[in-house]
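Enquirer: Each chain is listed here by its residues.
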Amino acid sequence: MNQVIELEGVAKRHDTAGAPALGPLTLSVAKGEALAVTGPSGSGKSTLLNLIAGLDKPTAGVVMVAGRRIDQLSEHALAKFRREHIGIAFQFFNLLDDLTVTDNIQLPAQLTGTSRRAAAARAGELMEMLGIHKHARAYPGRLSGGERQRVGVARALINRPELLLADEPTGALDSASGHDVRDLLMDLHRGGQTIVLVTHDLALAEACASRTIHLVDGHLALDTYARAVR
Amino acid sequence: MSLFGTGAMGRVVRSGVGRRRAQTLVIAVATMMAVASAVVAGALMVAAAAPFDDAFKKQQGAHITAQFDPAKANAAQLAETGEPAGVTASSGPYPSTAFRPVDQAGFPMPTLTLVGRSGPDGDVDRVELKSGRWAQKPGEIVLSASIEGPSVAIGATLEASDTADAPTLSVVGFAVSAGRSADAWATPAQVDALAALGNPATSQMLYRFDTAGTKKQILAHRAELAASVESGALLGTQSWLDTKRAADQGAAATVPFVMAFGVLGIVMSVIIVSSVISGAVGTSLRRIGILKAIGFTPREVVRAYVAQALIPAGAGIAVGVVLGNLLAVPLLAESESVYGAVSLSVAWWVDVAVPAAALLVVGLAALIPALRAGRLHTVEAIAVGRAPRTGRGQWAHRVLGRLPLPRPVTYGLATPFTHPVRALAMLLAVAFGTIAATFAVGLTSSLGAVGASQDPESRAAVTVATVKLNNTAPPPPPVGGAAASPSPVVSSPAGTSKPKVADPAKVRAAVKSEAGLESYYGKLRTEVAVAGVSGSVEAGLYEGDSRSGSYEMLSGHWITGKGQVVVPSRFLERTSTKVGDTVRMTYEQESADLRIVGESFDTSGNELEVHADMANFPAAEPSTFLVEVKSDVSADEFAQKLAAVVRPLGGDATTVPPAEQKSVILVMDAMAVLLTLMLVSVAGLGVLNSVVLDTRERVHDLGVCKAIGMSPRQTVSLVLASVSAIGVIGGLLGVPVGYMLHGIVMPVMGRAVGTGMPSSVLDVYGPVELLLLGLGGVVLAVLGAMLPAGWAARARTATALRTE
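Chains as they are written, first to last, in full-length UniProt numbering: chain A, 1 to 230; chain B, 1 to 804.
If you anchor each label on the Cβ, the simulated ranges turn out as follows: (1) Val267/B with Ala172/A: 44 to 54 Å; (2) Gly191/A with Leu771/B: 51 to 61 Å; (3) Thr378/B with Ala138/A: 23 to 33 Å; (4) His200/A with Leu360/B: 49 to 59 Å; (5) Leu359/B with Ser115/A: 51 to 61 Å; (6) Ser115/A with Val748/B: 52 to 62 Å; (7) Ala138/A with Arg372/B: 24 to 34 Å.
These are calculated hints, taken from the structure and not from any lab test.
All C-beta atoms in this analysis are idealised placements derived from N, C-alpha and C, irrespective of residue type, glycine included.
Let the sequences and hints guide you as you build the complete structure.
Expert: What follows is the structure in structure tokens.
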């Protein structure tokens, strides 16, 4: 099976004196797998996500994503790598308030140099798929939390990334919107999308993930494979 | 203990100042520059205006000093000229003459106007005795205080001329006439005695009028005086307006341009300080909310935010006062050398009034946004930054996003519309910076053109002199402190230590016979007496076709032959004459009536340099020949060959050295460059401040962009694009305004030194230059944004994403 993520002895220290925020940790995630990362606050979940996304660099170890070692890449190369291989959905959506829904979704495609027409077509396809096409010209401030998260996911998927990272995607949503997003992630996983999902919500992890790891104080405390996602 | 105590308020203020280093620096530098400019401008204005007016009023100076021909108007007739309505007081007639004494060292002094007065007092022109006493008997003389020097002191003796039987005069005092009615005073009997030796004799009358504030009024009074005596009896007049201008001009020329820079600096400072403070408040809304939530009263919030502006502004003002005083010294020294009575320190009240006004401006600029901060509701303030932004700038993103440009660029182009007021402040900063640069480029080009036009002899390829060029007599001490000319043209040799002088006819013959000669003209730079003008007048007497050595003309034409004279604007004003009038000019013992055929562009300070054909004065011979060589002939070789011929005769030949620019031009050039750098730096800091505020506000959005794949380079292009449009518009606004400012200030500077300005001095901008200056606006904006763009590109994405 192809491994999308391979971590080898990865550790991250925020300061030299204290204990490491993460690791050392060795972990691999296969293509098509949906990995849920759970754990209490301060357990290193977000640190792990940042290392996989190339938003942060490890103090030790090797980070391979999509077959490429990313812990030694420059900022410029990391940015290019991210926009081509990784999509990120954030807890607080992180949409740009100045841009319309369509413009928000198209932005990563435009950064890669995709033509305006092609980007618009792909954005339209995603909006249709995620049920937000009627908000195409709206601004994020006018949408509900669930709708905004759908926009965030659409933006994450615009460049057809091999890996979708979701950081507490239901953390800022009411329960109804949370269910919407859960269903969306399940659909994506069923479609073969590799997902790493960081969440406090065990129910969400159980519903969406084919595998769950539990972190405690930066260390892997549990690694379980779930039944197939329905 | 700090100004705001060591308590909570002090801590809040100190942390606010320390946390926002860029804003703190911008406020400090902006105020420093404005205060420095204002101190220099204020000091020069005081130096330019006050001393003459005070002295003239105290001495009841003459509005018109008139010279009459005693053969055509006797004392009784002249006394009657003081009676008509409009004349409030008159003095005279006093016998007057012009003579050229020789000092104890044997050097000839400049030609002096000597007036016979029995005492310094009178209804008009109460001459102030500075030292010694008044002349009481023949053989005694009182000199103008400006002539006093090591070899001319009380007790020193002067020979009345360089002839063997010249009478000896003993210096008994030094005095000042604010209206410059004379250079020396003696008893009337002494003046009559000198006139009897062949010096020209005139009668001097001094008048004050009820209205004499304008040139037109002076001209009207002069016409009345001329009409009240026999035709031709009035030989000449001197207007107090010209004397005042001559006294003021050292500083006066610099005042308009320093004022222009000062106004630019002050306006820019007010804009930038206001924008910095309001920006600081705008980006501190959460902090203000938290301060209020923990118990700060609205008044305390206002005080805290005003203090955050006043602390760096106070530092900037203190440094600005010191800098202004330092910058003013060279300009005041220039004034002092001209007027002789200007203190080299800035007036105390300027050092008090300018900082007080600056503090007031800064305080007001800070108070308005601080009051807004004080009025904010606590919950509202805390909530800011957490809720999505709506409204402003969205349409711009929608429209500009369609442009066929890379997405980071279109995103950046729309950014200014999110904060229109901040963008406007940035636009004004760029525009003012461009105005300053455009103005300064024009100013330095104009000053360069002035410098070049004032030294026409330097255009000649070769200068041939009738004396050895390294063997010339030291120039006579300048009258009134005017600087000696740096021209290579040799002064008329005279006095007891005459160097060997070549026969001009032989030198001329040598020049004419030298192979490679294209053209030449002869010149004698000397001094002449002009009826109606006290003291000597510099004169250039020309032999042959002197067009290649002509001055720029403001009106009329250059001399084309005998009977003509070209004069500077100040001469026309001082003598109340115009082009077409006739003046009597005396060179040594020869007099000639010459028609004024042209008005030359001449900024040579106090001196009145006139230009006439040498044929008017048969005794005059050239001391210099200015030569043009054929295009295929080397000037150096020509000069060497000619030097070999004329050196044995006592003469010399050389290629003309580059013209030396006058010190006042160099000072103004340096000031223009310095003030422009200061203004452009402040403009850049203004842009920097605005972009820092924007970047700080958008750090989260930039983090999002980077998280979804925006590279550091794309981030830089986004930030730079956000200022480039402002740079373009600022350049488009700044260049024409700077162009117009130059067009206004240069003529004012010219009027300050008593001359108009020719087109070569005014039309100094070329299309390419203007285009580059316009692009300068973009460069200024981009340079200002470069630093925060770098910060944005380097910011860690994970950290930025956590920023609220």
